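Participant: Go by the hints and put chains B and C onto chain A.
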Amino acid sequence: MEGASLIAEYVGVGVFALTGAIVAARKGMDPFGFALLATVTGVGGGSVRDMLLGVPVFWVHEPVDLAVCLGVGLLTYLAGSRIPGAMTGQRPRTALLWADALGLAIFSTTGALKALSNGAHPFAAVVLGTLTASFGGIIRDILAGDVPLVLHREIYVTAAVVGAAVFVLGLGAGLPPALAAGFSILAAFTLRGFAIQRDWSLPPFRPRAE
Amino acid sequence: MEGASLIAEYVGVGVFALTGAIVAARKGMDPFGFALLATVTGVGGGSVRDMLLGVPVFWVHEPVDLAVCLGVGLLTYLAGSRIPGAMTGQRPRTALLWADALGLAIFSTTGALKALSNGAHPFAAVVLGTLTASFGGIIRDILAGDVPLVLHREIYVTAAVVGAAVFVLGLGAGLPPALAAGFSILAAFTLRGFAIQRDWSLPPFRPRAE
Amino acid sequence: MEGASLIAEYVGVGVFALTGAIVAARKGMDPFGFALLATVTGVGGGSVRDMLLGVPVFWVHEPVDLAVCLGVGLLTYLAGSRIPGAMTGQRPRTALLWADALGLAIFSTTGALKALSNGAHPFAAVVLGTLTASFGGIIRDILAGDVPLVLHREIYVTAAVVGAAVFVLGLGAGLPPALAAGFSILAAFTLRGFAIQRDWSLPPFRPRAE
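Chains as they are written, first to last, in the working numbering: chain A, 1 to 210; chain B, 211 to 420; chain C, 421 to 630.
No wet-lab data here; the hints were simulated from the structure. Any given hint could turn out to be false.
Pair ranges (Cβ atoms, derived) [to be verified]: (1) A:D199 <-> B:V221: 34 to 44 Å; (2) B:L285 <-> A:R91: 36 to 46 Å; (3) B:G238 <-> C:L498: 39 to 49 Å; (4) B:G238 <-> A:V64: 37 to 47 Å; (5) C:R626 <-> B:F333: 42 to 52 Å; (6) A:L179 <-> C:E630: 41 to 51 Å; (7) A:L179 <-> B:F333: 45 to 55 Å; (8) A:L75 <-> C:G594: 30 to 40 Å.
EDC-like, lysine to aspartate or glutamate: derived pairs with alpha carbons at most 20 Å apart [to be verified]: (9) A:K27 <-> C:D619; (10) A:K27 <-> A:D141; (11) C:K447 <-> B:D356.
Note that the structure is a prediction, hence the values are computed from the model and not measured. Even for Gly, the Cβ is constructed at its ideal location relative to N, Cα and C.
Next up, chain A with everything else stripped away, as it sits in the complex (with noise of 0.2 Å):
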């Protein structure tokens, strides 16, 4: 599991250093730009849920994932004002969404892992999963000026959500931990990607008047 676990957050890291390095092209950022938006992103949500934990970051002494970030970051930025067509119309808007979606997903369930890992209450371990989920894209959208992903209306918290608990279910149900992370990885994807695409949402608040 241990290096499943490090793959996926690597995997995690890098598709969120993507969104913030797409942002970055949207503001017309300069290559360090791109390297601060991606590495903020990438890694902010597992910085947070780390401080909440009281564990040392992960990043701060060894730092892969860093690397990660400002390669995503680089690539990007060479690769978009090269590659005729790769950041013009709606593919930046789209591609965006899907990493978004893979990192959401990713990160609902390695971080929950790591919050039960490190003792926290199954109940915190799912909200902290969601906070890990969603957190490096709160950072990325709120610096960009954008109305936050979250505040959407379509399925966005729900999947980070439902993630989360379908993991720390599934162990509590004894599933092998790589099984539940499989699951829970899954569950998220679906759900989120048919919001993306099918604008599946739950029941919006209504007020009733008087």
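Facilitator: Chains B and C only, in chain A's frame:
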């Protein structure tokens, strides 16, 4: 004091969670959006306080506060969409302001108390009380794209500073903690209450032309 | 080095606090609003750095920095409302840019220094220096509803990265810490200064059409 302090903390978390849920209602979010905004607003200030103090974050191992936030978020969703007039007109705005005022008063005091208990300098305890009281609301308002309440003209930060300072000075003067806490919560709430009702404010900054 | 490093830190905190107070002036806040914005901007970057490093946050037990922020905030309120022309026209904007540049240069270096002293990987130290330098300003700009300076086109993040990298590489090459710090602060400040005065920038991203 221990028991009373815990109850005060739950009340503070609950009323801040309510303000988060009211914002979720205005944004037309789904039930999980209510839960997220209620949780982030309810436990945000105390989480920042605990991370700055370097102590375990209060809700990670003992998630009663999370249950309070979740309950408040879902109840607000249900009640607000069923009870006629509960969330229309000026009512939600008024409820938000007063709930925020109560949370502000409680957290300025409990924030200063926890800071002192963990060896913070009295001056730093006043600052930590102020931050605990204002940070949840800042996160809520930024997420929602509103101008943070702390930036409004009427007395706001001042009430939090007064609350925390009255508590720290009261303890220093030898008052029993429960009495000092009672005074300081009352002082902060009254001050903020007058600001809401009568637009009380300190002299705002006016530049002097050449 | 210890004493010089402390003085540099106070200067950095003070000039960032000044930029927070200038924003408070533009928003027409009251004296406690000045104090809050000055404090959050002055100690924000260093607080995030210390929380990421998992070390006690610098101002909790030794609140000289808080006193600096409070003093700068109140002095700006008083001087700005009394000295004719101090806060009208282009002057506050110019003062904010240059104070921010000085704070950026100092914090990129002291941030990297503190990270290395606490066992961070050299690469992570450069990132932590950059975050320390930019985070206070990010909080200030987001609170004020401005587009964060880090998102502007001219060189900003780049100056912080260069400062932190010069310092880490200088130490690695065997320079005495004080000399490495002097070089790196000078490099970052000069770079950012040219960006302010002559609109220096790196090539911004330009998508290539199909």
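Participant: Compare the structure with the hints numbered earlier in the document and write down the numbers of the violated ones, lowest to highest.
Facilitator: none
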